[in-house]
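J.: Following the hints, complete the assembly by docking chain B onto the known chain A.
Listed in order, the protein sequences are those of chains A and B. Here my numbering is used: the first residue of the first sequence is 1, the next is one more, and so on. Here my numbering is used: the first residue of the second sequence is 1, the next is one more, and so on.
Treat the hints as calculated values from the structure; they're not laboratory data. Note that this is a predicted model, so its numbers are computed, not measured. Check the hints yourself; a few may be wrong.
[What the hints assert, rightly or not] One side of the interface only, derived from the structure: several residues of chain A facing chain B at Cβ under 8 Å: (1) Leu66; (2) Ser69; (3) Ala77; (4) Pro98; (5) His188.
[To be verified] Distance windows between CB atoms, simulated: (6) A:Ser307 to B:Leu181: 45 to 55 Å; (7) A:Thr278 to B:Val318: 38 to 48 Å; (8) B:Arg148 to A:Gln144: 52 to 62 Å; (9) A:Asp165 to B:Asn108: 48 to 58 Å; (10) B:Ala158 to A:Glu72: 38 to 48 Å; (11) A:Glu72 to B:Asp310: 24 to 34 Å.
Note that the Cβ used here is the ideal one computed from N, Cα and C, for glycine as well.
Now for the letters of each chain:
Number of protein chains: 2
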Amino acid sequence: MAARAGVSTATVSNALNGTGRLSEATRQRVLAAAREVGHAPASAARALARGSTGVLGLTMTTYGDLPVSYMEIPYYAQLTLGAMATAHERGYMLMVMPSSLSPWMWLNTPMDGVIHVEPRADDPVRSILRERGIPMVTDGRPPQPHWRDAWVDTDYEAGLRLLLDHLTEAGARRIALSQPLHDDEYPHLIGRAYASWCAEHDMPALVEEYASLPDYFTAERDAVSRLLNRDPRPDAVIGVYSDSGHNILAAARHHGLRVPQDLLVACISEDPDYATTTPPVTTLSLRPDRVSDEAVDLLIALINARSGVDRHRLVQPVLAPRRSTRRPVRRGNGTP
Amino acid sequence: MAARAGVSTATVSNALNGTGRLSEATRQRVLAAAREVGHAPASAARALARGSTGVLGLTMTTYGDLPVSYMEIPYYAQLTLGAMATAHERGYMLMVMPSSLSPWMWLNTPMDGVIHVEPRADDPVRSILRERGIPMVTDGRPPQPHWRDAWVDTDYEAGLRLLLDHLTEAGARRIALSQPLHDDEYPHLIGRAYASWCAEHDMPALVEEYASLPDYFTAERDAVSRLLNRDPRPDAVIGVYSDSGHNILAAARHHGLRVPQDLLVACISEDPDYATTTPPVTTLSLRPDRVSDEAVDLLIALINARSGVDRHRLVQPVLAPRRSTRRPVRRGNGTP
Chain A
1 MAARAGVSTA TVSNALNGTG RLSEATRQRV LAAAREVGHA PASAARALAR
51 GSTGVLGLTM TTYGDLPVSY MEIPYYAQLT LGAMATAHER GYMLMVMPSS
101 LSPWMWLNTP MDGVIHVEPR ADDPVRSILR ERGIPMVTDG RPPQPHWRDA
151 WVDTDYEAGL RLLLDHLTEA GARRIALSQP LHDDEYPHLI GRAYASWCAE
201 HDMPALVEEY ASLPDYFTAE RDAVSRLLNR DPRPDAVIGV YSDSGHNILA
251 AARHHGLRVP QDLLVACISE DPDYATTTPP VTTLSLRPDR VSDEAVDLLI
301 ALINARSGVD RHRLVQPVLA PRRSTRRPVR RGNGTP
Chain B
1 MAARAGVSTA TVSNALNGTG RLSEATRQRV LAAAREVGHA PASAARALAR
51 GSTGVLGLTM TTYGDLPVSY MEIPYYAQLT LGAMATAHER GYMLMVMPSS
101 LSPWMWLNTP MDGVIHVEPR ADDPVRSILR ERGIPMVTDG RPPQPHWRDA
151 WVDTDYEAGL RLLLDHLTEA GARRIALSQP LHDDEYPHLI GRAYASWCAE
201 HDMPALVEEY ASLPDYFTAE RDAVSRLLNR DPRPDAVIGV YSDSGHNILA
251 AARHHGLRVP QDLLVACISE DPDYATTTPP VTTLSLRPDR VSDEAVDLLI
301 ALINARSGVD RHRLVQPVLA PRRSTRRPVR RGNGTP
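So here's chain A without its partners, still in its complex pose:
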């Protein structure tokens, strides 16, 4: 091939691998020669030999066909960027599948394996992908678990313990949970972790539920309002979605309550905006960067049929304490 292009073998290698500094004319001559002899570099040839595409898929279908702006939700944005960075490092491309794909596309888009993000109960995409038979890793435990499933999830028990212990240290004794209703496993696992912590610590479980679709902003503000109307009132409220902190602050303002003096506020979110709200809001991060890292690693292991792979992986969440949960300073006479 070097002879055909009239260049050295080093130049051929540079042209095919994109290394070195070649003139455009030389590079094109080598590429033309490569196409003529049907040459493919070793890595691509290997990929073809194992019938693979070098592409990993990632689903964004947690909310079905609803036009949800996943890319504007910090958790999904960070998950996508993290999965893409890790896939690239490992020599794969990542294809994010929009929620609007038809089953035909789910069955036929070329990919070696897929990361299924937060499957719902009786998820149609899950059954289609299972039928297709390509390796699959779920982000979040599937609602109907099977021992053969491969998943990466967050250790919600540990996360809720971090958050609830932190609120207790800040003086809270009546910690309420504003709880969305949706048929992926996430809100259920959070609810269970909250309830078991409350039982263990002999604290009341104060829960108000709301519909997560189509508009959780209004629904959650109403749910928090119902919590704040209770007698005795909660002294802390936790939200579990990205904008829950904003929703709880809005409800507190509406009730004339000061944060943190009258009410402590925290939520599970990756949104950096909480560093600059009034007051800044304490958040629990689910570490989507770590989740995507583990999911890509696990998927590549399954694609290559590696043995002895840990198919169930838990990522540890991290607490970012901010002013909204700082223990209010009380005067000597005990009045706030």
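T.: Coordinates of chain B only, in the frame set by chain A:
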């Protein structure tokens, strides 16, 4: 096909389009029947008919084969997320191409068109893609422009004017530029816009250049140090990369200068962290969300060979003024 699967046509439609609530068994029966008769939904059939893949490519190769973490640089992260959201809305998938791809992959990865981000002078990827012959839109003007090129760029003239006028209003009279050296067009266009503003306003052009690769952090801090050693000293410094604000703040601290009292600081960045630095730093946003929106729109127009399409598009940058450029309050006797 409904007869073959033993279901109604509405059920077939639901199964193929992922709508409605079907049992898994029913859905699978319909999908099996669909495969048997070789049925593909209209949109996918149309795509196949025009020989298309439904995939848009996006390059991340501005820094060649260097292991740059594009997904951690806010401009590229927002560009990627924005392009993905717009592609999905328009019925396409987006494939982000890692910088490490071989020419073989650039020539053969299935895609209908590609967005080439910030091509370099004599860019090998550009010549490969041109040879492949698929529609291409560049984000940032190509270094050797041709009238047939299709590109989306930022209006740097307008952006620099916003920033320099703002600094002048805050009292600056000696505004310096810390200028990276790299063979994409971005730093050149910024440098030109700065120089022409200075000439127009009869202000001195104070520039120190530094190598952008492999480590612009140290290199830029040294360049800013050289600026701050000048006599007379600049009273404002502008940086053009995402971490430039941090670099300039570090150099100012090293010189014992207070920001904004002794030195005004600003940079071109999408990093939300600048809202919480000490002090918060004024930034010019290049609006990667708008750039990616326009680039996807233009690329789809080219793929569909629409006529009368505007092939050269400029996005307007936006200024976020913060404390680092607030006019220092001076005492009555004129000392700061």
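J.: Are any of the numbered hints broken by this structure? If so, which, sorted upward?
T.: 1, 5, 7, 10
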